[in-house]
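Mind docking chain B on chain A? Use the hints.
2 protein chains.
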Amino acid sequence: MDHVVEHLQSKRDDNLEQLFQLLKIPSVSADPAFKDQVLACAEKVRQQLTNAGLDGVRLLPSHGNPAVYAEKIIDSNRPTLLVYGHYDVQPADPLELWDSEPFEPVIRDEKIYARGAADDKGQFYMHVAAVASMIACDTLPCNVKFLIEGEEEVGSVHLGDIVEANRELLAADTILVSDTSMVANDVPSITTGVRGLSYLEVTVTGPNRDLHSGMYGGAVVNPINALCQMIATLHDDHGRVAVPGFYDDVVALDESERAGYAKVPFSEEVYSASLGVNSLAGEEGYTALERVGGRPTLDVNGIWGGYMGEGAKTVIASKAHAKISMRLVPNQNSQVISDAFKTHFESLAIAGTTVDVIYHHGGEPGLMPLDSDAYQAASQAYEQTFKKTPLPLRSGGSIPLVHMFKQKLGLDTIMMGFGLDSDAIHSPNESYGVFNFHRGAETIAWFHHFFANTK
Amino acid sequence: MDHVVEHLQSKRDDNLEQLFQLLKIPSVSADPAFKDQVLACAEKVRQQLTNAGLDGVRLLPSHGNPAVYAEKIIDSNRPTLLVYGHYDVQPADPLELWDSEPFEPVIRDEKIYARGAADDKGQFYMHVAAVASMIACDTLPCNVKFLIEGEEEVGSVHLGDIVEANRELLAADTILVSDTSMVANDVPSITTGVRGLSYLEVTVTGPNRDLHSGMYGGAVVNPINALCQMIATLHDDHGRVAVPGFYDDVVALDESERAGYAKVPFSEEVYSASLGVNSLAGEEGYTALERVGGRPTLDVNGIWGGYMGEGAKTVIASKAHAKISMRLVPNQNSQVISDAFKTHFESLAIAGTTVDVIYHHGGEPGLMPLDSDAYQAASQAYEQTFKKTPLPLRSGGSIPLVHMFKQKLGLDTIMMGFGLDSDAIHSPNESYGVFNFHRGAETIAWFHHFFANTK
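If you read the protein sequences in the order shown, they are chains A and B. According to the working numbering, the first sequence holds residues 1 to 455 in order. According to the working numbering, the second sequence holds residues 1 to 455 in order.
FYI, nobody ran anything at the bench for these hints, they're computed from the structure. Relax, there's no trap hidden among the hints.
Since copy identity is lost for identical chains, a pair holds within one copy or between any two.
Computed list of lysine-lysine pairs in DSBU-like fashion (alpha-carbon distance at most 35 Å, straight line):
#1 Lys319 to Lys35
#2 Lys319 to Lys263
#3 Lys35 to Lys72
#4 Lys319 to Lys24
#5 Lys44 to Lys408
#6 Lys319 to Lys342
#7 Lys72 to Lys387
#8 Lys72 to Lys11
#9 Lys408 to Lys72
#10 Lys44 to Lys72
#11 Lys406 to Lys44
#12 Lys388 to Lys406
#13 Lys35 to Lys408
Only chain A is shown next, with the shape it has when bound in the complex (with noise of 0.2 Å):
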């Protein structure tokens, strides 16, 4: 492993490099407008895994964007990771939040900033340089497979597709996944579970057109009022979620899990200070931590409707809309929770309108258990690297293919993340430390050498 370790240490530059160039590229899934750039970043992926010394190096088409697939399989008696990661990116709007180009990556207090660099570009290369040395080395210890799609910010809606038509080759003994957090440089961390995801679309419909709100204020409903009091109504008085049933499958934290928590080094006042806000909230009898990673929670992403615009229209709406989604727990089914929103938001119809809900991608809960060779293996490189042993904490955001992946393949995936909350994925301004990439890649190869040891 010295060998290995010297010659990551040596790729430092290099690897940085390589990341930058993919950085630049724009793979933004969600907007059809980028769709060349985004089959050029794929084009890109294929090109960086050959260069690393990989073989079958091919693009694994879908109705959607492709996946990116490459393998080194040295002895069928050792065991097989399959990397995941995903080489699209989040929109980068709102543009003028940034303080340098979102496709421009810049190191500025040894962070790298662009969008993508720690999700998932930036972690998801840490494999990459971490097999390449590894292979360069001639010491790669497990067979190693990489998938590497381009729709995880659209809800990898053909993933399942492309993992069906390829179970074969994408067979193994687990898979990895670089897409999360850990607490702090100095506190590392493993992702144990991860939270599913139920998102919907509402509009309120009140009269067939806009108003003057002089000549027709108090006569008919708003449906922006309307909107509000419906969505008003989604939490009671302990913050919990008021939609009937949304508890029932609902696996509680255990004691343990509660425990290690409460030896995470969270500050409340830290957090909130760092967030801008001056206190908490949420559930009930959680903290923050357990809020997030435990428990199911509704939010609106996005509330639409009326003008806008500079100064004052006097106008009543006819519509109102709001992006709802619910984050959600083991044993909670993303379909059936949608369907319980949708089925109790109609039901909060006020007379004198109408209501309409649609879906939007949906995922499942994951758990990873402690106890398996996976965990164990990560948890060893991580003390390795760190000097510490990890906290087994879940994450509060959603991998749904961590469920597919259960369902499709019979596979457990290990969430070995480096990121951090400051990178303030999705945002702007979002970076990824260069310290994180470098002890990353590190901590990688370790697990490579520890997960081949189990068998």
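This is chain B only, laid out in the frame that chain A set:
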């Protein structure tokens, strides 16, 4: 009067042609991009008043758009009428909902379709037509002055200054305005009151940046959810506005007014059907007409925050915004109500968020006494042309200058509007009836006749 009526009839096509020329100019005061068009429209009005035979036609400058002034003084012993109107119009958006171009007037089903057809070009031009015919027949019975401004749709912010600077020039016995509607073409009505307006814009701020709703959902207060909760409390369960002190200065509708409303041939079924709603709602204890004309109300005119584009984005927005306005009745005061709203809304702030409230333009309510000479003359004029006594009804809309003219010139305003609800002012496909345009011009001429006899 027979000559005048005959002359008006002979000028029908000419008058429509002149109106069309006005309508073709997109004099949108709310949007700086249309400034040149606004000024071109003022020039057009100036030309038209000159061609009508008026004297002293000129622009009265201000720090905003100019007003157009003209006069015909016959005899200082005769009463003087001051005609107010506005040549600016509402924005046309949403453009995609218009069946024909908003600034290419066309006649369909005997209605003139264009932005400004009813509000206010079609209506003020009736006065120009009536006066032009009376001048041509050399029978103008009263002195007449015109004050046609260019900022009514943005709150007439400079009109007070223009009036202050030209008090003597504008001295008169009453003010005439045609910018309101009547019940139906066979149910004439005169607007005896207008509502006031308080218009504010609120912003609820939570975290100092947009957040990923997975990583933070459940930990922080969501500004959109918070805004909805606050707005939901602005009405109680009986449809009453829940701002403390809101109703303190309201003068209740008296029995004769309520009896007048009951006489209006209004059908809630027909009204609801025309608006495409299955029921109406508002303050308990009042009919729809009473709520619009005689009671104060609150409406959210616009709301926005978070992600509003195609598809799904899992964000907790940093900010949520709303434009909220209240229509007022005598004797509510716009500044008092705006202050009360601001204080109350700020007090609703939920811990973890901050609230900002800014003011937009407002206006005071107004009431015309039924025993005034102007009202009596108007009532007789409608009886002459419609063969029916017009109903005296308060309007739901706001014309803040009614109060301003009372304050600065000591004059009441007689609101002889010939529009209909179906004109859809402020909405796409605004129209004004050809019948209404011609009948209105005739009625106005009769008003001059009857008003002259009151002195």
